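In order, the protein sequence lines correspond to chains A and B.
If you use UniProt numbering, the first sequence corresponds to residues 1 to 255, in order.
If you use UniProt numbering, the second sequence corresponds to residues 1 to 255, in order.
Where hints are given, some of them may not hold.
The list treats identical chains as interchangeable, and a pair is accepted whether it falls inside one copy or across any two copies.
What the hints assert, rightly or not - Here are the simulated DSSO-like pairs of lysine-lysine, each with C-alpha atoms no more than 27 angstroms apart in a straight line:
1. 22 x 99
2. 220 x 247
3. 247 x 228
4. 247 x 82
It should be emphasised that the hints constitute simulated quantities derived from the structure, not laboratory data.
All values reported here derive from a predicted model rather than from experimental measurement.
Number of protein chains: 2
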Amino acid sequence: MISVVLLGAGNVATHLFKGFDKTSEVSVIQWYNRSIHAIKPYANSVDITDDLNDLKDADIYILAVSDDVISEVSKNLPFDDKLVVHTSGSVSVYDLDMKHKRGVLYPLQSFSKSAEMDFANVPICIETIDKKSYPLLKKIAVSLGSPTKRINSDQRRVLHLAAVFVNNFTNQLYRIGHEITESEGAEFDLLKPLILETAKKIQEMSPFKAQTGPAKRNDKKTIKKHLKQLENEQHKAIYELLTDSIKATHGRKKL
Amino acid sequence: MISVVLLGAGNVATHLFKGFDKTSEVSVIQWYNRSIHAIKPYANSVDITDDLNDLKDADIYILAVSDDVISEVSKNLPFDDKLVVHTSGSVSVYDLDMKHKRGVLYPLQSFSKSAEMDFANVPICIETIDKKSYPLLKKIAVSLGSPTKRINSDQRRVLHLAAVFVNNFTNQLYRIGHEITESEGAEFDLLKPLILETAKKIQEMSPFKAQTGPAKRNDKKTIKKHLKQLENEQHKAIYELLTDSIKATHGRKKL
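With the hints as constraints, model all of the structure from the sequences given.
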């Protein structure tokens with residue numbers, strides 16, 4: 001049985017706790033948070049604390065805390081030479097205090113507090129400084145049912161950046177779709193099957209191959225019509241820039 | 001039994017043919033295409049022709065031809081006062097020759113030639129000039145198993161425009177994610193569950209509520225890091241513009 005102490009009470013920490021709770025290979029023996037209030041509801045199923053000096057001895061300490069305090073919390077841990085990992089996509093593994101064995105468990109998914117999380121849909125990217133720590137981290141990721149991938153810092157950095165494009169920016173395109181349709185009293189709901197199909201399509205096909213539409217076809221007439229329709233200047237700028245981007249990808253000339 | 005003559009041989013026409021073939025309420029009695037070659041494979045299951053003057057008498061004529069030739073084909077139909085509809089998102093219903101009863105059946109989905117199409121995932125937007133034509137169009141859309149929605153021209157126009165944002169532009173963000181990850185030898189595949197989750201999330205939740213990430217949080221440190229990482233000037237411009245768009249939506253100041 002691998003013993004884990006979990007630190008933090010955000011979405012990632014909460015989903016990790018629930019995930020580990022279902023496995024037989026990993027036991028969360030203690031849950032720390034700066035404010036005990038947030039983890040009080042779990043007091044019946046796990047030892048909780050708000051005092052770093054009370055931390056129990058464990059195989060792994062998982063810092064699922066905000067990026068800004070990873071360095072500080074790792075420094076304040078009252079022990080050394082234990083395996084300490086964080087879960088951030090954008091913080092360097094070297095931000096962890098060097099008195100620890102250091103690593104990263106980066107779950108590449110968007111966590112909402114409410115929704116149940118199936119870890120089969122959460123690839124966990126593993127980074128370690130010393131090779132010896134890798135098998136243990138892999139074991140706990142696998143116990144959750146996650147696909148795992150060993151990566152380096154540069155790869156984690158680009159994955160985190162790419163995640164902003166495919167998740168946050170994509171969601172903003174949905175939002176713009178919402179605004180455009182509502183402006184004429186059309187239902188955004190009519191677009192939902194198309195949104196799902198677009199995401200499903202590239203599960204099997206490269207985004208390059210999956211591209212369709214006026215920009216790809218260089219259909220100037222439709223592009224012109226669309227630009228005329230758009231009243232919001234920012235939406236217009238986004239339309240132009242992404243049309244140019246598609247043209248660049250598919251060897252067409254700029255707008 | 002409603003009789004249909006289908007015109008055109010692209011993805012929409014082909015999927016409509018296959019869809020109608022499964023219903024008991026609609027019969028495609030003839031399939032026309034300018035070049036007979038494209039529809040030859042179906043010669044055993046339907047009467048095919050490449051001559052507009054050979055067209056049979058039917059309840060509805062569906063012009064699933066390219067936008068550019070809708071007007072011309074409708075003019076060349078050697079009859080009048082029959083129900084003639086096109087399937088385009090961006091062409092006016094008035095582009096159909098006025099000698100016909102005119103309407104639009106706009107299937108709001110991305111059709112690929114290869115994939116099977118489940119019409120339950122294809123909302124069909126119906127537009128007619130005279131009210132009497134509506135029930136028949138609704139009936140054939142329902143026979144396919146599609147959700148249907150009666151809309152006007154302005155609504156069809158904004159739906160078509162919004163579809164470009166949530167389908168073509170979103171797919172281009174996937175492409176950029178692909179380019180960014182591959183630049184460091186990271187696997188784009190790791191992002192696929194996140195892409196699917198992002199699309200699934202807004203099936204239940206508004207894109208406004210679903211937004212997360214550095215732009216929404218106004219996390220200047222991460223945004224600065226990301227901009228520094230991006231080497232492609234176009235990707236950088238897209239990052240800045242979509243970050244500003246998220247900020248505008250969520251009441252934050254510009255970059």
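key: Within, between, both or neither, where residue 247 and residue 82 count as close if Cα-Cα is 27 angstroms or less   = Neither: 52 angstroms inside a copy, 41 angstroms across copies.
ask   = For residue 220 vs residue 247, is the C-alpha pair at or below 27 angstroms within one copy, between two copies, both, or neither?
value = For residue 220 and residue 247, the Cα distance is within 27 angstroms only inside one copy (12 angstroms; across copies 31 angstroms).
query = Can you tell me if residue 247 and residue 228 fall within 27 angstroms by alpha carbon in one copy, between copies, both or neither?
reply = Both: 19 angstroms inside a chain and 24 angstroms across chains, each within 27 angstroms.
key: Homo-oligomer pair classification [residue 99, residue 22; C-alpha up to 27 angstroms]   = neither (32 angstroms within a copy, 68 angstroms between copies)
Consistency with the previously given hints fails for numbers 1 and 4, ordered from lowest to highest.
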